[in-house]
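Novice: One letter stands for each residue in the lines below.
Number of protein chains: 2
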Amino acid sequence: MENNCIIANIDGVPVTNDDLLDRGLAYGHGLFETMCLHEGSIPLLDRHLARLADDALKLGIELDQAMVEPTINNIQQSLVQQGITHGVVKLIVTGGLGSPGYKNPDVIRPRIIALYSKPTAKQSEQQGINLRYCDYRLPWNPRLAGIKHLNRLDQVLARSEWADDCYADGLMFDQNDCLVETTCANIFLYTTGLGWITPSLKGAGVSGVMRGLLLDEIFPALAVPVTISEIKIDLISQCEALFVCNSVRGITPVIGLLEGNILKPLAIGSRTKVVQLALTDNYPCFK
Amino acid sequence: MENNCIIANIDGVPVTNDDLLDRGLAYGHGLFETMCLHEGSIPLLDRHLARLADDALKLGIELDQAMVEPTINNIQQSLVQQGITHGVVKLIVTGGLGSPGYKNPDVIRPRIIALYSKPTAKQSEQQGINLRYCDYRLPWNPRLAGIKHLNRLDQVLARSEWADDCYADGLMFDQNDCLVETTCANIFLYTTGLGWITPSLKGAGVSGVMRGLLLDEIFPALAVPVTISEIKIDLISQCEALFVCNSVRGITPVIGLLEGNILKPLAIGSRTKVVQLALTDNYPCFK
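Quick mapping for you: the protein sequence lines, in order, are chains A and B. Heads up: the first sequence at position 177 corresponds to 177 in this note's numbering, and the numbers run straight through without jumps. Heads up: the second sequence at position 201 corresponds to 201 in this note's numbering, and the numbers run straight through without jumps.
One or more of the hints may lead you astray.
Unchecked claim - Below are the SDA-like pairs computed for lysine to any residue, each with C-alpha atoms no more than 20 Å apart in a straight line:
#	chain 1	residue 1	chain 2	residue 2
1	A	Lys90	B	Trp162
2	A	Lys58	B	Trp162
3	A	Lys90	B	Asp11
4	B	Lys103	A	Asp165
5	A	Lys90	B	Lys118
6	B	Lys103	A	Asp164
7	A	Lys273	A	Leu215
8	B	Lys103	A	Asn73
9	A	Lys58	B	Asn130
10	A	Lys90	A	Asn73
11	B	Lys58	A	Trp162
12	B	Lys90	A	Glu217
13	A	Lys90	B	Ser160
14	B	Lys118	A	Asn73
15	B	Lys90	A	Val15
16	A	Lys90	B	Asp18
17	A	Lys103	B	Lys90
18	A	Lys103	B	Asn130
Think of the hints as simulated: they come from the structure by calculation, not from any bench. The structure presented is a predicted model; accordingly, all values stated were derived computationally and were not measured.
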């Protein structure tokens, strides 16, 4: 199949390479990682690659470390050559080239793509962001829940609900009005009764690398309990602290929540600061 | 954004064009049509393009006919030049190039891809196919239901449940065990009590062009009633006729259904033949 000459065009311009046969484009058959580039290195790279390999298997894609190395090495070399030390490195792994039809090729030869982009976080957002509620509801799909796969129309449609830069992100719920995540981050909240909680991702959502780090390392090191549970939409009005997290920005406190037409301010509070400090002490890149 | 030089590689080989920024690959932000090429022309092209434009809007992509024409014209010219008159033409429309993040670009400039592939239907399959039941359940998602979008992991995972060529396709159900479609076709079934019925696609499934043609034109021309309704899994064992349809193969009768370990034969019967004949009389390409 590879190096076949195909009959195809993009916007009327003939294309002869076989990239258009990639199952990533055809079906979103693949996964991605969005990783921080900090002082020329990629923090949490091992966690990213472990998650990638685990989840790839769930999509029928066998991925070993040796396949990913040339891609990572090449992008790091390119970045060094251009004197670039900070930003975001995105890894995309696809189900490779395929014949027409949903059936997997007899042997899936994954394609591994690395792609650099400039740092996007605005300085002001480091201090805290405003969130809004998305109307779009995530479907319940236990087979895909947790996986950072390439089927992201849910997020695209949710993110298209607003254009106002005042809101950096939006809360996303499932069809039972349970909180899942934001469009691009996981979420932790604190209430007096329940302590720190983060949504269960059994039926929807992405099991983020930063969420994993906080649950596995940071909260335990602080001896602060944290619960994974179903979080009904009503609970949010009771929360005393709220932060979002991902592996590019680390922890970002939420300082305002648009409810109806009112932007309700939220204090960052010492509880969030404690977690944030524990993270940045161990991983200064997320300062 | 366009013609930007990017820092990226595929499998360690540097890439400098900006194709990797396509939101079709990144998020499955796009749609596709799989169309029959018959004697050098594309039957039902108008229906395909109308559906494409309608559904693109639901994904925030404004598509007018003039954008699609160069792509269609170019692939038809290429095929004529190579003396190719039969096969499949796939159109892919994506959300175009984008910056990192789910947010749509201020102006979405769709990319339109046309891609030819050889006819795939085996002669034997024209006469009838065997189906099996897929275990994978389609999520309930009214916002995406009906759209032939690029988020197709559901179909990829369902199709990966079997390798035996004896079964051409599999029945797919939603999480309430209601019949939706097969992995790559819509479905019609006949029972004595209910007559011809086809599943409602309110929460899942693709609203196929051939399904639309049958419902709008072919059944009405025959004055044969057909109902769109919820179809529970139990009803299937009562059906007296069953066919699948899509716009590449037309109507394909189902002649066997794997239930447990037993391949239960199904007669094609005169009722299916009447519908099939009405289709092929008007559209000989689907003979």
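Novice: Against each hint, give a clear statement of whether it holds in the structure.
Specialist: Here is how each hint holds up against the structure:
Restraint check: the Cα-Cα separation between Lys90(A) and Trp162(B) comes to about 33 Å, which exceeds 20 Å; the hinted pair is violated. Taken as a hint, the Lys58(A) and Trp162(B) pair is honoured in the structure, with Cα atoms around 16 Å apart against an allowance of 20 Å. The suggested pairing of Lys90(A) with Asp11(B) holds, with an alpha-carbon distance near 13 Å, which does not exceed 20 Å. A distance of roughly 11 Å separates the Cα atoms of Lys103(B) and Asp165(A); the hinted pair therefore holds under the 20 Å criterion.
Among the hinted pairs, Lys90(A) with Lys118(B) is inconsistent with the structure: their alpha-carbon atoms are about 34 Å apart, more than 20 Å. With a CA separation close to 11 Å, the supplied pair Lys103(B) and Asp164(A) stays within the 20 Å bound. As the CA atoms of Lys273(A) and Leu215(A) are separated by approximately 16 Å, the hinted pair is consistent with the 20 Å bound. Proposed proximity of Lys103(B) and Asn73(A) is contradicted: the alpha carbons are some 29 Å apart, above 20 Å.
Restraint check: the Cα-Cα separation between Lys58(A) and Asn130(B) comes to about 27 Å, which exceeds 20 Å; the hinted pair is violated. Pair hint Lys90(A) plus Asn73(A) holds up; C-alpha atoms about 13 Å apart against a cutoff of 20 Å. At roughly 16 Å between alpha-carbon atoms, Lys58(B) and Trp162(A) fall within 20 Å of each other, so this suggested pair holds. The straight-line distance between the Cα atoms of Lys90(B) and Glu217(A) is roughly 48 Å, outside the 20 Å bound, and the hint therefore fails.
A threshold of 20 Å between alpha carbons decides the hint, and for Lys90(A) with Ser160(B) the separation of about 27 Å lies outside it, so the pair is violated. For the given pair, Lys118(B) sits about 38 Å from Asn73(A) by alpha-carbon distance, which is inconsistent with the 20 Å threshold. With a C-alpha separation of about 14 Å, the suggested pair Lys90(B) and Val15(A) falls inside the 20 Å cut-off, and the hint holds. The straight-line distance between the Cα atoms of Lys90(A) and Asp18(B) is roughly 14 Å, inside the 20 Å bound, and the hint therefore holds.
Between Lys103(A) and Lys90(B) the CA atoms are separated by roughly 16 Å; this keeps the pair inside 20 Å, and the hint holds. Taking the CA atoms of Lys103(A) and Asn130(B), the gap is near 16 Å; set against the 20 Å cutoff, the hint holds.
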